[in-house]
Amino acid sequence: MSIDRIIKSYLPMTETAFYILLSLYEPRHGYGIIRMVEEITKGRIVLGSGTVYGTLTKMQRDGIITVYSNQEHKTIYEITDTGKKLIKLEIGRLNELHRNAAELGVRFHD
Amino acid sequence: MTKKCFRPFWSFDVQETENWLAQMAGQGWRLSRINFHTRAFLFEQCEPHRAIYRIQYLRVFDGSLSKGLAASGWSIVSSNRHWCVYGNSRESCGIQNYPTRDGVLSRNAKLLICANSYFVVFGIFAFIVISIFPLIFSSANIRIISENFFSHSVGILPWVWSSSTWVIMFITVVTLCISLFFAIYVAVEMVSSNKRLTNETSYAALIHGYFQKNNEVMSSGLKNGLIIKRSKLFWYLAPDKTEAWLEEMAKRGLSFFHLAGNSFYFIKSTPINRRYCLDYQATVTKEYFDLHLNSGWNLLYTTQSPFQSKWTVWSKHVSRGEHAPDLYSDKTDNLHSIRRLATRNSMMYFATSLYFIFIFGWQIASIIIRMNSQEEVTTSVASNGFFDPWSIIFWLVIGFLILICSIMPTYFFVQAIQPIRYYFRMKKKYGTDK
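First to last, the sequence lines map onto chains U and V. For the first sequence, this note's numbering assigns the number 1 to the initial residue and increments by one for each residue that follows. For the second sequence, this note's numbering assigns the number 1 to the initial residue and increments by one for each residue that follows.
Pulled out of the complex, with its shape left as it was, chain U reads as follows:
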């Protein structure tokens, strides 16, 4: 899939996809991703193992992440350059949202 089609298909990102990619700032195995996301969202998001498996498989097919096995035959996921481009674009979008929310949100306070 070309980078444009990937961008069109993934952005704007669901919370699940965003947090999975974000937790791959360093290579991790599947359960490590679930634990990481639970930690950084302070328990608000506990990803289902089925959802994670499906999303990781899809991301692998689209070339956003790559896999290899470690010595204990555990599958380790690593983000690719395409994936890095994607998450940077999404973070840019979220930054814009945050900036505008912070600036104009005060008007909603009575």
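Just so you know, the hints here were simulated from the structure itself, not pulled from any lab data. We put the CB at the ideal spot given by N, CA and C, even for glycine. Hints should not be assumed to be uniformly reliable.
In silico EDC-like links for lysine to aspartate or glutamate, alpha-carbon gap of 20 Å or less [to be verified]:
#1 V:195 x U:26
#2 U:58 x V:333
#3 V:67 x U:78
#4 V:195 x U:72
#5 V:67 x U:15
#6 V:67 x U:81
#7 U:74 x V:322
#8 U:85 x V:62
#9 V:67 x U:38
#10 V:331 x U:15
#11 U:84 x U:26
#12 U:58 x V:290
#13 V:331 x U:38
#14 U:85 x U:26
#15 U:74 x V:200
#16 U:42 x V:322
#17 U:58 x V:62
#18 U:8 x V:333
Computed list of chain U residues with no C-beta within reach of chain V, every gap over 10 Å [unchecked claim]:
#19 7
#20 8
#21 39
#22 40
#23 74
#24 78
#25 94
#26 100
#27 105
#28 107
Assemble the complex: chain U is given as a structure, and chain V must be docked to it using the hints.
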């Protein structure tokens, strides 16, 4: 100094190819490039050295080397859109990460399905040919066929049975035999290669370890009432209903532990609050099991199909007051695969229903035709009019047959509707299908 080797079937057993490449390195030949179209392996002469090779297959490969693999000493020797041959000169104890085997396992499983489909088609074709073989090849019939059919048809040349026709037949038969043997070779290679590959990662041991079913324990348990067996035909057409049924049984003190075909086996225990999840996956890897097991799900049963598409039964204990857990935290993603599964199951049962209608309709029609051509019936009807014993009995029998024969197609038709209803139930519960 270079060398070229041809290995047309190198991809059927990747471990063998990897060992061969390592051997060549030991003899002083380093793999420089593979031409994936011509199956040519190009080697350059060098110092004999030790090297390990790993062949990876991915549906989509962009040719880049991941950092984790690079850190373990791997480099890409040759690759194309799907295949990648990695080389490493370190000692195996110094290699932390390896390229994944999952792609090769999936590809082998798909090739195995192709080979098996070929056997089925070939079998049907052979059966048809063998059944009309005596008809066609009796010389009287050949004359009749060629005289009546071909010479009376406008614009079609009369077909002459000559020696050239026999040659064509011979070539066709030989080609079919060669392709059959090739399909057998493919099937055997895929099964044995996958067996060795899964043994390498102890994946098979993980699955089989769970299902050490003891037949003696089972039969004695069934006799003394400790183990109960319940049948649920077509449980996979409405998995959510099956899940609810298993949870109900658990609340009544019957704990599910094994599934054989359509028979569910329960063991008597204390009533517990459990969540059961029936999951269907088209492609299953070791990672699938690792993820769920690490998340606290218990593996109760998985289908032993070598084709990698599996039904798996997972369960998790639910504490008092806790919301029932699920394999999926965001089921909207799953709706797409549920729809595909439901469509496939539905189509299968519609086709079965149509098949029975066709078979029975054909049989009944031929009975009617045959009966109508019998002397007794026609003369009897002619002399006694419509309301005569022969005619009434005849139509009663036909009506009875139609009634009996419509049971099967209707039954399968009803089953075909189940997956559709299941999909719409899921869609209603979990939101839109993207």
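Against the structure, the hints come out as follows:
1. Simply put, residue 195 of chain V and residue 26 of chain U have alpha-carbon atoms about 33 Å apart, too far for the 20 Å limit, and the pair is violated.
2. A C-alpha spacing of about 10 Å is found between residue 58 of chain U and residue 333 of chain V, which places the hinted pair at or below 20 Å, so the restraint holds.
3. Between residue 67 of chain V and residue 78 of chain U the alpha-carbon distance is near 8 Å, which keeps this suggested pair within the 20 Å criterion.
4. Taking the CA atoms of residue 195 of chain V and residue 72 of chain U, the gap is near 19 Å; set against the 20 Å cutoff, the hint holds.
5. Restraint check for residue 67 of chain V and residue 15 of chain U: not satisfied, since their Cα atoms lie roughly 26 Å apart, outside the 20 Å limit.
6. Distance hint between residue 67 of chain V and residue 81 of chain U is fulfilled; the C-alpha atoms sit about 11 Å from each other, no more than 20 Å.
7. Proximity of residue 74 of chain U to residue 322 of chain V is assessed by CA-CA distance (about 31 Å); at most 20 Å being required, the pair is judged violated.
8. This hinted pair checks out: residue 85 of chain U and residue 62 of chain V have alpha carbons roughly 15 Å apart, not beyond 20 Å.
9. The straight-line distance between the Cα atoms of residue 67 of chain V and residue 38 of chain U is roughly 26 Å, outside the 20 Å bound, and the hint therefore fails.
10. Restraint check for residue 331 of chain V and residue 15 of chain U: the C-alpha separation of about 13 Å stays at or below 20 Å, so the hint holds.
11. Note on residue 84 of chain U and residue 26 of chain U: the hinted pairing holds, with a Cα-Cα distance of about 12 Å set against a maximum of 20 Å.
12. For the given pair, residue 58 of chain U sits about 18 Å from residue 290 of chain V by alpha-carbon distance, which is consistent with the 20 Å threshold.
13. For the hint linking residue 331 of chain V to residue 38 of chain U, the alpha-carbon distance of about 18 Å falls within 20 Å, and the restraint holds.
14. This hinted pair checks out: residue 85 of chain U and residue 26 of chain U have alpha carbons roughly 15 Å apart, not beyond 20 Å.
15. Our distance criterion of 20 Å between C-alpha atoms is met by residue 74 of chain U and residue 200 of chain V, whose separation comes to about 12 Å.
16. Distance hint between residue 42 of chain U and residue 322 of chain V is fulfilled; the C-alpha atoms sit about 19 Å from each other, no more than 20 Å.
17. A threshold of 20 Å between alpha carbons decides the hint, and for residue 58 of chain U with residue 62 of chain V the separation of about 16 Å falls inside it, so the pair holds.
18. Of the pairs offered as hints, the one joining residue 8 of chain U and residue 333 of chain V holds, with about 17 Å between alpha carbons and a cut-off of 20 Å not exceeded.
19. Residue placement check: residue 7 of chain U keeps its beta carbon more than 10 Å from all beta carbons of chain V (closest about 16 Å).
20. With 10 Å as the threshold on Cβ separation, the claim that residue 8 of chain U sits away from chain V holds: the shortest Cβ distance comes to roughly 13 Å.
21. No Cβ of chain V approaches the Cβ of residue 39 of chain U within 10 Å, the least distance being about 15 Å, so the stated non-interface status holds.
22. For residue 40 of chain U, the requirement that its beta carbon stay farther than 10 Å from each beta carbon of chain V is met, with the minimum near 16 Å.
23. Not every CB of chain V lies more than 10 Å from the CB of residue 74 of chain U, the least distance being 7 Å, so the non-interface label is violated.
24. Taking the minimum C-beta to C-beta distance to chain V, about 5 Å, the non-interface status of residue 78 of chain U is violated against the 10 Å cut.
25. For residue 94 of chain U, the non-interface assignment is confirmed: its Cβ lies about 19 Å from the closest Cβ of chain V, beyond the 10 Å cut-off.
26. Non-interface call for residue 100 of chain U relative to chain V: holds, since the shortest CB-CB distance, roughly 27 Å, exceeds 10 Å.
27. Taking the minimum C-beta to C-beta distance to chain V, about 27 Å, the non-interface status of residue 105 of chain U holds against the 10 Å cut.
28. Taking the minimum C-beta to C-beta distance to chain V, about 32 Å, the non-interface status of residue 107 of chain U holds against the 10 Å cut.
Checked against the numbered hints above, the structure breaks hints 1, 5, 7, 9, 23 and 24 and satisfies the rest.
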